[in-house]
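Number of protein chains: 2
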Amino acid sequence: MSAQGEEGAPWGPPYVLYLGSAADDLSIKTARGLAYWRPQWCLGQYRREDCAVTLGLRDVGLAQSLADGARTMVIGVANAGGVMGPEMIADAIAALEAGLHVVSGLHHRLNDDPDIVAAARSHGRTLFDARAPRPGIPVGTGKPRAGRRLLTVGTDCSVGKMYTALALERSLRRRGHRADFRATGQTGILVAGSGIPIDAVVADFISGAAEAISPARNDDGWDLIEGQGSLFHPSFAGVSLGLLHGSQPDALVLCHEPTRRHMRGLPGYPIPDLMACMEANLAAARLTNPAVKPVGIALNTSSLPVDEAHALCERVGALFGLPCQDPVSMGVEAMTDHLLASFAK
Amino acid sequence: MSAQGEEGAPWGPPYVLYLGSAADDLSIKTARGLAYWRPQWCLGQYRREDCAVTLGLRDVGLAQSLADGARTMVIGVANAGGVMGPEMIADAIAALEAGLHVVSGLHHRLNDDPDIVAAARSHGRTLFDARAPRPGIPVGTGKPRAGRRLLTVGTDCSVGKMYTALALERSLRRRGHRADFRATGQTGILVAGSGIPIDAVVADFISGAAEAISPARNDDGWDLIEGQGSLFHPSFAGVSLGLLHGSQPDALVLCHEPTRRHMRGLPGYPIPDLMACMEANLAAARLTNPAVKPVGIALNTSSLPVDEAHALCERVGALFGLPCQDPVSMGVEAMTDHLLASFAK
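Which chain is which? The protein sequence lines are S and B, in order. Read in order, the letters of the first sequence are residues 42 to 386 in my numbering. Read in order, the letters of the second sequence are residues 42 to 386 in my numbering.
Hints listed in this document are in silico derivations from the structure and should not be mistaken for laboratory results.
Remember, identical chains collapse to one label, so a pair may be satisfied in a single copy or spanning two.
Quick list of in silico lysine to any residue cross-link-like pairs, SDA-like style, CA-CA up to 25 Å:
| no. | residue 1 | residue 2 |
| --- | --- | --- |
| 1 | Lys-334 | Ala-317 |
| 2 | Lys-184 | Tyr-310 |
| 3 | Lys-70 | Met-371 |
| 4 | Lys-70 | Arg-150 |
| 5 | Lys-184 | Leu-315 |
| 6 | Lys-334 | Ala-359 |
| 7 | Lys-334 | Asp-314 |
| 8 | Lys-334 | Pro-313 |
| 9 | Lys-184 | Gly-306 |
| 10 | Lys-184 | Val-243 |
| 11 | Lys-334 | Pro-256 |
| 12 | Lys-334 | Glu-320 |
| 13 | Lys-70 | Cys-198 |
| 14 | Lys-184 | Leu-307 |
| 15 | Lys-184 | Ala-317 |
| 16 | Lys-70 | Val-180 |
| 17 | Lys-184 | Gly-122 |
| 18 | Lys-334 | Tyr-310 |
Chain S with its partners taken away, still in its complex shape (with noise of 0.2 Å):
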């Protein structure tokens, strides 16, 4: 991973993370994000003084963080409904008049903002909105590429899919294998530098996008590809099988959080049968890749007790005759070695 922004673009890290007024830590998700998998990018966190959380970064300030080397302040908070209000509006612009550009993973989208596209120009600054999709992306192909890929998959939304492609990109590559985690959510896409958020791309590009994301690879790497939703979830099921479909996987991770309910904001709608829900991955991706194999399986098990929680991928992994962790709490070493075993050539 090159500490760049998108390929050509003149931001990147380091970076100051906006945390404005955030009021809880669901809303610095994805600052959290970038700070625990990019500390190195991250020279300090902006916080107002209501602001009532913190990442543990060091507190600074605007022109202070450009005198110390800060390239681009990254807003990382996020609103009820995604929305700037006119505090992080006028943080943005104060931002780029000290200098910075200035990315975002909010929904509300910097460019849409007249008053922050105007003052980057008169600034020379670049804005960067990690929910927009590029433009160009092509149709999907379902051509066969060269290159190794591993999807993240779910039983739902949230359920640890990003974060269970980063940790075997972290392992794979503590161990000299190649390997580049491929982002497709705001969050992920800042931790990369580079992504697509395929579910903002038009509908008919689904799978070209996520051809354009893990391109042929010829270097004998991996791609660890940031699955999204579920093919069991009713709101977004069509984003997660043209994912499926274009990432064209090689291996599946079926990503879980075994204490929800229901599918996410939706009560009427159980969580699949862990089972039912990797068949049916299967089954999908093999329209592209009729060699797909599973490789493990990743509990969330934040809500359980310890030895629950073991007892849980113990079974689950006898189970499925795979490898079953926790990536947060148990790593996911047990899930490389199986990998690495199942495609040594």
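Given chain S, work out where chain B should sit, using these hints.
Using the frame of chain S, we list chain B on its own:
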């Protein structure tokens, strides 16, 4: 169906169908669909001198068509790439100047052409792009809704899904049932006078668009929803799945072209087995409507001799235990019988 454009919109029939300099039948597919399914709306056709095709309608000039009562000119012709040449742009402006509204099924949008937009504004006329989704489509909820819905699904793109849904609408109406075709593509939208081009919505909103296309109904009527793509098309399956989930269909008709050798545009991808395709659609549809039933198979047998076509329909019908017909050459009455019998109170 009201003989209106989109609800509250000023454009609508009577139409003059613009053929321009069309060179072949394929390029006037949209105009032909409109003339075939809504002849009562089509006052005439407008052709340039070099136009090589006809819809069999009366040839009219733009000013003449207005004097005869036309309200709107429909650009129902496609050049390569869906672009508008300078000639077509000039004709659109001439129609606006003559006092007609202008609607288009082209990929190239009227509303993206500054000269056309300026002409519409200065003459107080309306532009409508059938391929541009309306703003404000919500995320799908999967919430069960009242009414009965039939969705046409397919083994591939362009196998008769729109035609079959329209034929079923006509058949049900002739028998005195309430029935409304629900359009998801540009030709269907011009035929219906409303609808959403589902492949042009942002990926996160596919199932929400399908829910908006076929809202709850309490009049014992049927919505006949135009399917798109195929669960087995590697480029577009995401659209098909989101449409399937959002439609919450009670009934499915599987459409197929028996002489097709591979998925449209993709020589490496064989056409799926009919039974496997039906099963995959039923399995996916059960997520939002567990009671979904298959009610028929529609074959496009236009490339087969008549006796072969009938023999094939008999064979396929026996295999599925369902009516199997070519809607064009054999009608859909057996399917309508079966549909009504399957859902009799």
